[in-house]
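Chains as they are written, first to last, in my numbering: chain X, 33 to 145; chain U, -17 to 94.
It is possible that part of the hints are untrue.
To be verified - Subject to a maximum C-alpha distance of 30 Å in a straight line, what follows is the list of computed BS3-like cross-link-like pairs (lysine-lysine):
#, chain 1, residue 1, chain 2, residue 2
1, U, Lys49, U, Lys38
2, X, Lys100, U, Lys38
3, U, Lys(-16), X, Lys133
4, X, Lys110, U, Lys38
5, U, Lys49, X, Lys56
6, X, Lys110, U, Lys49
7, U, Lys49, X, Lys100
8, U, Lys(-16), X, Lys100
9, U, Lys24, X, Lys56
10, X, Lys110, U, Lys24
To be verified - Stretch-level coverage of chain U by chain X, calculated; a stretch enters the list once three of its residues show a Cβ under 8 Å from a Cβ in chain X:
#, segment
11, 8 to 16
12, 27 to 38
These aren't lab readings, by the way, just hints derived from the structure by calculation.
Remember, it's a predicted structure, so these values are computed and weren't measured experimentally.
C-beta atoms are modelled at their ideal positions from N, C-alpha and C, and glycine is treated no differently.
Residue strings, one per chain:
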Amino acid sequence: DAGVIQSPRHEVTEMGQEVTLRCKPISGHNSLFWYRQTMMRGLELLIYFNNNVPIDDSGMPEDRFSAKMPNASFSTLKIQPSEPRDSAVYFCASSLREGEKLFFGSGTQLSVL
Amino acid sequence: QKEVEQNSGPLSVPEGAIASLNCTYSDRGSQSFFWYRQYSGKSPELIMSIYSNGDKEDGRFTAQLNKASQYVSLLIRDSQPSDSATYLCAVNGGSSASKIIFGSGTRLSIRP
C-alpha cells in the first residue's frame, strides 16, 4: 500500500489567494483526519471524518477553512482567503477504525506571504 | 487546561541510559493512548499503543498507563542517538472514540 498521499508537498501563495490541499487515505480506512502543526501550537486537530461524513469540525479556525470528503478515497482542505497566519504544515491521517492508530501523510508545507 | 499535556523539553539523556517521557490527559473517558515519534521535517510515526492499565513492552520501548491518575508514559531503554526526536503523546476523546488529540510533544536528545 502506498500509504496516505498528500499533495502538494509545498505550497507558497500570496495572502488572499485560495489554497486547496489534497489527501488520499489508505484504502479501506474509514476515518480521516486533518491536522495543522506549528511550533507555537503543536499538532492541532482541525476536522475528522468517519465513513466520509464530517464528525467534528470544532478545530477549524474560522469560516475561511472548509473540508470535504466526496468519497472514501479523497479529501480536500480549502482555505479561502488565505492569510499569513495560516502558514503551517498540514497533515492528513487515516485509521482503519475509530480510535485506532493513525497513519500520517508526508504533510503539506504551506507558506502564505 | 490542555486536553493532553507534555513537558516540552528538551530532555537530554546520555547514550545507553533510560529516557522517560511523561504525559497527562484530562478526559477520564479516554480509552486509547498512543506514542508517536517525529523526526525534524518528517511526519509522526506510531511507536506504541496502549489500551489497558499497566505496562506494555515492545523491544526497547515500554508504555505505561495509569487511568486512575490519567497518566501515560514511555520508557526508552538503551537510548541511541537515533532516538533523538520529538515524542508526541496522543489520546482519544472519551466522548468520541475517533477524536485523537495530541500533546505538544517532548524533544528528546541523546548525547553520545
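Each hint, compared with the structure:
1. Note on U/Lys49 and U/Lys38: the hinted pairing holds, with a Cα-Cα distance of about 14 Å set against a maximum of 30 Å.
2. Among the hinted pairs, X/Lys100 with U/Lys38 is inconsistent with the structure: their alpha-carbon atoms are about 37 Å apart, more than 30 Å.
3. Among the hinted pairs, U/Lys(-16) with X/Lys133 is consistent with the structure: their alpha-carbon atoms are about 21 Å apart, no more than 30 Å.
4. Taking the CA atoms of X/Lys110 and U/Lys38, the gap is near 40 Å; set against the 30 Å cutoff, the hint is violated.
5. A threshold of 30 Å between alpha carbons decides the hint, and for U/Lys49 with X/Lys56 the separation of about 35 Å lies outside it, so the pair is violated.
6. Restraint check for X/Lys110 and U/Lys49: the C-alpha separation of about 38 Å exceeds 30 Å, so the hint is violated.
7. Taken as a hint, the U/Lys49 and X/Lys100 pair is broken in the structure, with Cα atoms around 35 Å apart against an allowance of 30 Å.
8. Between U/Lys(-16) and X/Lys100 the alpha-carbon distance is near 28 Å, which keeps this suggested pair within the 30 Å criterion.
9. Our distance criterion of 30 Å between C-alpha atoms is met by U/Lys24 and X/Lys56, whose separation comes to about 18 Å.
10. A hinted pair counts as satisfied when its Cα atoms are at most 30 Å apart, and X/Lys110 with U/Lys24 qualifies at roughly 22 Å.
11. Counting residues of the segment 8 to 16 of chain U whose beta carbon lies closer than 8 Å to any beta carbon of chain X gives 3, which reaches the threshold of three, so the coverage claim holds.
12. Check on the segment 27 to 38 of chain U: 3 of its residues sit with their Cβ under 8 Å from a Cβ of chain X, so the three-residue criterion for coverage holds.
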